[in-house]
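*Asks:* Chain order of the listed sequences is S and G. Here the first sequence is numbered in our numbering, starting from 1 and rising by one per residue. Here the second sequence is numbered in our numbering, starting from 1 and rising by one per residue.
For the record, the hints were derived by calculation from the structure and aren't laboratory data. Backbone N, C-alpha and C define an ideal beta-carbon position, used for all residues, glycine too. Check each hint, because a few of them may be wrong.
[Unchecked claim] Quick look at which bits of chain G chain S covers, simulated, 3 or more residues with Cβ under 8 Å:
1) 169-181
2) 517-523
[To be verified] Straight line, CA to CA, 25 Å or less: simulated SDA-like cross-link-like pairs of lysine to any residue:
3) G:K730 with G:S711
4) S:K92 with G:L717
5) G:K821 with S:T42
6) G:K543 with S:G53
7) G:K366 with G:G773
8) S:K92 with G:Q559
The lines below spell out each chain.
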Amino acid sequence: MSEILELNHQIETTAVSENLFFACYTDDVPQNGGACVKYKDTQIAIFNFTRRGEWYATQNLCPHKQQMALSRGMIGSTGHDCEPKVACPFHKKTFSLKSGDCLSGDDYSIKIYPVLIEEGKVYIRID
Amino acid sequence: MVAKNKKNIVIIGNGMVGYKFCEKIIAKSDNFNLIVFGEEPRRAYDRVHLSEYFNGKTAEDLSMSPANWYQENHITLHLSDPVLEINRQNKTVHSQKGILQPYDYLVLATGSSAFVPNIPGVEKEGVFVYRTIEDLELMKNYALKAKKGAVMGGGLLGLEAAKALLDLGIAETHVIEFAPRLMPRQVDSAGSKLLQNKLQELDLQIHLNKSTSEIVGDGKIEALAFNDDTQLELDMLVISAGIRPRDELAKLSGLEVGTRGGILVNEKLQTSDPNIFAIGECALYKDMIYGLVAPGYEMAEVVAANICQQEKYFYGFDMSTKLKLIGVDVASFGEAFITEPEGRTIVFEDTHKGIYKRINITNDGKYLLGGILIGDADAYNILLQTVNNKIILPPNPEDLILGSRGGETDGGAGVMSLPDDALICSCEAVTKGMICGAVSDGTANSLDDIKKCTKAGTGCGGCVPLVKDLITGTMQENGVYIKNVICEHFDYSRQELLDLIKLNKIKDYDTALDHFGKGDGCEVCKPAIANILAGVWNDLILKQDTIQDSNDRFLANIQKGGTYSVVPRIPGGEITPEKLIVIGQVAQKYNLYTKITGGQRIDLFGAHLSDLPAIWEELIDAGFESGHAYGKSLRTVKSCVGSTWCRFGLQDSVSFAIEVEDRYKGLRSPHKLKGGVSGCIRECAEAQSKDFGIIATEKGYNLYVCGNGGSKPQHALLLATDIDKETCIKYLDRFLMFYVRTADPLTRTATWLNKMEGGITYLKNVIINDSLGIAEELEAAMHYHVNTYTCEWKAAIENPEMRKRFAHFINAPEEKDPTVKFAPMREQVKAEAW
Chain S
1 MSEILELNHQ IETTAVSENL FFACYTDDVP QNGGACVKYK DTQIAIFNFT
51 RRGEWYATQN LCPHKQQMAL SRGMIGSTGH DCEPKVACPF HKKTFSLKSG
101 DCLSGDDYSI KIYPVLIEEG KVYIRID
Chain G
1 MVAKNKKNIV IIGNGMVGYK FCEKIIAKSD NFNLIVFGEE PRRAYDRVHL
51 SEYFNGKTAE DLSMSPANWY QENHITLHLS DPVLEINRQN KTVHSQKGIL
101 QPYDYLVLAT GSSAFVPNIP GVEKEGVFVY RTIEDLELMK NYALKAKKGA
151 VMGGGLLGLE AAKALLDLGI AETHVIEFAP RLMPRQVDSA GSKLLQNKLQ
201 ELDLQIHLNK STSEIVGDGK IEALAFNDDT QLELDMLVIS AGIRPRDELA
251 KLSGLEVGTR GGILVNEKLQ TSDPNIFAIG ECALYKDMIY GLVAPGYEMA
301 EVVAANICQQ EKYFYGFDMS TKLKLIGVDV ASFGEAFITE PEGRTIVFED
351 THKGIYKRIN ITNDGKYLLG GILIGDADAY NILLQTVNNK IILPPNPEDL
401 ILGSRGGETD GGAGVMSLPD DALICSCEAV TKGMICGAVS DGTANSLDDI
451 KKCTKAGTGC GGCVPLVKDL ITGTMQENGV YIKNVICEHF DYSRQELLDL
501 IKLNKIKDYD TALDHFGKGD GCEVCKPAIA NILAGVWNDL ILKQDTIQDS
551 NDRFLANIQK GGTYSVVPRI PGGEITPEKL IVIGQVAQKY NLYTKITGGQ
601 RIDLFGAHLS DLPAIWEELI DAGFESGHAY GKSLRTVKSC VGSTWCRFGL
651 QDSVSFAIEV EDRYKGLRSP HKLKGGVSGC IRECAEAQSK DFGIIATEKG
701 YNLYVCGNGG SKPQHALLLA TDIDKETCIK YLDRFLMFYV RTADPLTRTA
751 TWLNKMEGGI TYLKNVIIND SLGIAEELEA AMHYHVNTYT CEWKAAIENP
801 EMRKRFAHFI NAPEEKDPTV KFAPMREQVK AEAW
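Model the full assembly from the supplied sequences, consistent with the hints where possible.
*Replies:* Right, dumping it as structure tokens:
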């Protein structure tokens, strides 16, 4: 683990101009599922959408009941355009992984982070 | 004739079924050499119409095939040459004439012989059996000098034999039956009475309740002596007291046979030697000898298919029959004898015309169970269809046997209630299914369309009104029909998906989605399919963790604040003080809130995700297992203390509850499952509010099913009364697996039953009477579940890859979620309000 933290530190310092944060290795995140990473005091949910060959990152907090849970939610798609989405495990509120909009009719939305994959490593761009 | 490169199939027995087997196999494949051994001197002949031999038909007329048939089809036929020995090691058979014939597959179609009861004097001259053309020839010669004859046995074959005696010109013919009625297997006593009257009109004298004590006579038969000290003078006697399977060769070869005869076979008709099959009346399938020709033919088909590598099984056969006995129509179908309280009976009797009709219907009047027709059996086919297709009965079921009697419109339930394979257009052989199918898939929506695509109605045109009704009916049905699909990604109901997954041996979600779905799935279909996969294959659910609901994914129940609760299994609510102490210690160590649940277990709340593996490690070390409180699966089987301590207890309810809970633990089902076992009628375990409830009685147990508490409480309904433990488990196996297989997602057993057409009566029929013929499969599926059960938590903590998933931060696994907050409450903690 300390190895990862070290690497983490290196990336943070070298890639600071691009605001890239080394979150984890690609195989740390289960296939077609999510995991949570800690960036300073922020919790970020990362989703490994293996079926589509895509990666997404969002805030981990579900705005509905303020629960740190989105990373434990199920992902999937909806509609003709196959909009990628995640469902909160608490009350199954769903959010678009592309826009962060709530897809189950509520007003709130979640924050989206760009993800970069390089040599088996997952980087998240922080503004 | 015998080609070297082909495999040999040797058939022992050249009766109707053995012949049919040859016919079936040559239609499927020419990769086999067929070698038939028959002990009779002639080619296979129609034994069903044997009595016509006295009616002018010759042996050649009765023959199943033309003389050159065997030769044309390259079948080697050895007549008058019975097989004496089977050498299973070398795979050869030895015949009486000394032929040594190797085989790859051996089919025993040895049939049956007449059963001759052990009565003094059976060896006397003038006593016959009625089985083969040889028997008939002997009878024929002897009958020339006989004036008085009798048949012993008033069953189907006995009456046929009586007909033969009449045809032979015996002036005075008697039928002697041991039972109080004729044809006891097919006909009830009222029907028998009517049949008896009819037969007496035809100069047959019927004696019921007659038990023969001796065949009297000096060398040849002169009279029959009965147990009631009466005698009947006779010149000849035909014994037709039942059949005996010809299993002696099989027994000699070490194949397993039943205690009362018959070669034991499985659903592929394989004997205890997988290369040897048995078909027809010599085969014993599930304690049953099938003494009719139709099931024998079906067996022939199953074996032929299996040898040709096709999947086909024999699961028993409908023994409904219709025949003309000495000019009288007799039919018996479905459950002909069922009486109250199992069902209700409607009887019509006309002694003037000699007509008797009986139908048995379910208690709710919805379904036809079976019946008996004598004197007029025209309705046999439609009634049998009504039983077999479980067609809902019209409001006045008596119309089925009386016809509609004016006033209201047609008594039948209309064309839409016809089965799919009902022939609508007989000119072009078009079934109802083909017409409705064309309408449903959009190919046709008018009569002209139907004529074009199915040709129905293009012949004589007589079916056109029916076709029109079917078109409108189907369109109406489709208009109101909402298909019960699970979500936007799968156009199937749960049951359909389960069948698809099972048939196609699908083991993972992605393959299911690729084959049967579209898009990328969602939070509805993923857990639904995860549940189906677990129910069908019982594989470890964590192998596909991301299709599980959060609770199943982390094998714990997510609670307010994002912590989890932990419920170890405490079967039957019984726990040792040592185990109680361990639970207390674990709760203290991990700062967990503890509470007794409604299901007699202990719930530990407030566990951090990352603490779960360590908590479970300690619990498992102390002998606990997962309680599956997080899963759609068996929760608890609640019990009262029962006869071990309670002064009222009739049975040991705790032990039974533990046994049942251990049996079904881990079973994934459409919704959670709860059970209860009470030791007496006081019902302290509240078993009648559970998905299954068992209540002890003086004689055994009463089994209740489909109850629940919850928002819409519903009492469980009685499924079976005073059954023993083994039967109770058997019914539970079938019931639970039937529910697992057929319920919609997230449907409790009570709702499932409420939606079921025919309700508890139908369910009883499926579970107890095996009306769908799936009981064995359901039991096998449950045995598979029981044998493959593993504790998921044990598997999870022993697997480092799975264990790694129980971390809140993957880039800081030791750190707990800092946002989790607890508030104090009565010396424990609670989650902070949201």
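*Asks:* Hints numbered earlier in the text: which of these fail when held up against the supplied structure?
*Replies:* 1, 3 and 4
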